[in-house]
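Required output: the full structure, derived from the provided sequences and hints.
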Amino acid sequence: MKYKSQKVAYWFFALSMLLLSLQIIYGFIMGFAHMGYDNLHDFIPFNTARAVHTNLLVVWLLSGFMGAAYYIIPEEAENELVSVKWAYIQLISLAVVGVVAIVGYHFNYWEGRKFLEIPRPLDWLVVANVLLFLGLILFTLYKGKKRTTTSLVLTMGLVFAALLYLPGMIWFDNQTMDSFFRWWVVHLWVEGVWELIMGGILAFLLIKITGVDREVIEKWLYVIVGLTFISGILGTGHHYYYIGAPKYWLIIGGIFSALEPLAFLGMALFAVAMYRKGEKKHPNKIALMWTLGTAIVSFVGAGLLGLAHTLPQVNLWTHGTLVTAMHGHLAFWGAYGMIVFAAISYMMPNMTGRKLYDSGNGLTAFWLSNIGMIGMTTAFAAAGVAQVYMERIMGLEFGDVQNEIQVHFLILVLCATLFTTGVGIFIYEFIRYGQPTDEALEQHP
Amino acid sequence: MLSKSHARTFFLGGTILSFAVFLGLSWHTLSSEVPKQTNEAGLTPEVIRGKHLWESNNCMGCHTIFGEGAYYAPELTKVYERRGDAYIKAALMSPVPWSPRGRKMVAYALPESDANDLVAFFKWVNEVDLNGFPPKPKYKVSQNK
Ligand code: HEM
Ligand code: HEM
Ligand SMILES: [Fe+2]
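These protein sequences, in sequence, are chains Z and U.
Counting with the numbering used here, you get residues -17 to 427 for the letters of the first sequence.
Counting with the numbering used here, you get residues 8 to 152 for the letters of the second sequence.
Hint data in this document are derived by calculation from the structure and do not stem from the laboratory.
No residue lacks a Cβ here, since even glycine has one placed at the ideal position from N, Cα and C.
Any given hint could be a false lead.
[Claimed, not checked] Cβ pair distances, simulated, as ranges: (1) U/23 to Z/403: 45 to 51 Å; (2) Z/230 to U/120: 36 to 42 Å; (3) Z/74 to U/92: 46 to 52 Å.
Okay, here's the thing in structure tokens:
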């Protein structure tokens, strides 16, 4: 850690880990409901559990991104954060908005639009919160000595993510229009601007961990985010096949979304190549594993499993089945969950001055969580493929099919237990690091 | 060899070009095609009230519509055709959880006027031209249940 203000990152990470724990609890509630044990129905019906599960996911990831940005931007810009006090206010307001929304979901206070369930009045609080965050980041960058490509790409990702939230706030009478713009948020986030955030954090970590020349890393960063947008923007069309939009989206969406995995492949090759090239052998092996891990698992979860159902001929049959949930889990985990874990693993020792990274616990956490998540993905895949064949191709009733595939949710819950154990160990290590301290400050070069 | 400034040009140029094409196509879709494919004239006050009810109860938190939503309860795009209004209204107005095959739906016990609005919404949804979704099953298996 080079600047005292970087310490605020810690509290964003702590909030992130807390919300992740809650997200997992609601995941189990849904896993059991799919198995036929919907015992909490009267208090937490499935739609409540689902809205909480996915919204907590988005908020813990955002909190993790924000923490990473508060750490990275001062170091890259070579300047203290402009106001630590306001950063804490932003943290608290983020937690408050998140908690109010989640509590509201238990009392039928929501808008049933997948992933955008936060009611519009609360949306304005989200907007205020994000503006405050961006203000702090942009002002720090503006006053800083340097504007590196890494910090610019990261900031661009954050600014665009904020802008793209807005189309999701407009009301439409027509369900097709509603869906059309919902994808401007959901798709253009995860297959567009969030990849810039991921790329920016990844580049920062690779520069620090491998010691490869910044110019080389940042050149490839541009190529990767270029591929992201060229494929991802028109790739939005893969959500327009079957919602009441014209047929040309089948061609455009099909072609461009099939190119999207290239950006993730680029990310994986890039991370591995930089690791091979690097002369510096950084002692923080755990951070290195999460960094390479995120690049590789995102290629599998988002790239390959996305490709598996993105062509219109396939998507016609799989659209809106458990096949989508299979891909959603490994993609979110690999690309965005793991990059947050990578940032935390690299930054915690630097903020607290305690070098706990050569413990076996870190390795166990990495392998258990990843093996667990891959198992969960496989369980969803088995359930999803069986559903497509029985319900869509053979024409059996939805409910009968669901009763047939219950057993896959037993496997899901078992694998989720492995995953949760891994995450639990990671959080245990996080707590063991303790709080950040000024004593961890490095001498300025 | 590729230089950093070439890479930056590739990124900026590619982004601006893609985004421009995307905006153009979106404009065309929304201004001239969607109104036709979705029969915008059919968006009566009942349908719109039905959509409000659909959202304020987060039905999408269990069901899908146009293939979007959750995977816990049946796809409802063609529910009007499949079940008809009486069945749909019974499910919505039931004071105990509707549960034909084991899984429970929330017991909404809606007043009849709200149930009618939702039926109007489903009827509109049923008629939207979805380019062939949901596909017709290739086989029709007989179920002995
Ligand atoms: C990190 C990146 C990605 C994440 C986090 C992600 C996540 C998701 C999620 C959560 C959904 C469900 C969305 C909803 O129904 O509201 C979804 C749908 C989909 N994704 Fe991804 N995805 C990613 C990348 C990709 C890529 C690169 C491709 C294609 C190559 C792809 C193809 C699809 C398709 C075709 C659907 C629609 C499924 C359906 O018709 O039900 N995704 N994705
Ligand atoms: C560990 C325990 C977990 C369990 C048991 C679990 C289970 C589930 C279940 C049953 C669903 C609902 C599918 C439906 O609509 O029927 C779901 C949705 C979802 N979960 Fe999880 N989950 C867990 C963890 C996670 C994690 C760690 C992530 C992200 C990194 C995640 C991301 C998602 C997403 C994106 C969806 C929406 C998928 C879609 O709509 O296609 N879940 N989860
Ligand atoms: Fe997408």
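Do the hints match the structure? See the list:
Take residue 23 of chain U and residue 403 of chain Z: their Cβ atoms lie about 47 Å apart, and the range 45 to 51 Å holds. At roughly 40 Å, the beta carbons of residue 230 of chain Z and residue 120 of chain U sit within the given window of 36 to 42 Å. Between residue 74 of chain Z and residue 92 of chain U the Cβ separation comes to about 50 Å, which falls inside the hinted range of 46 to 52 Å.
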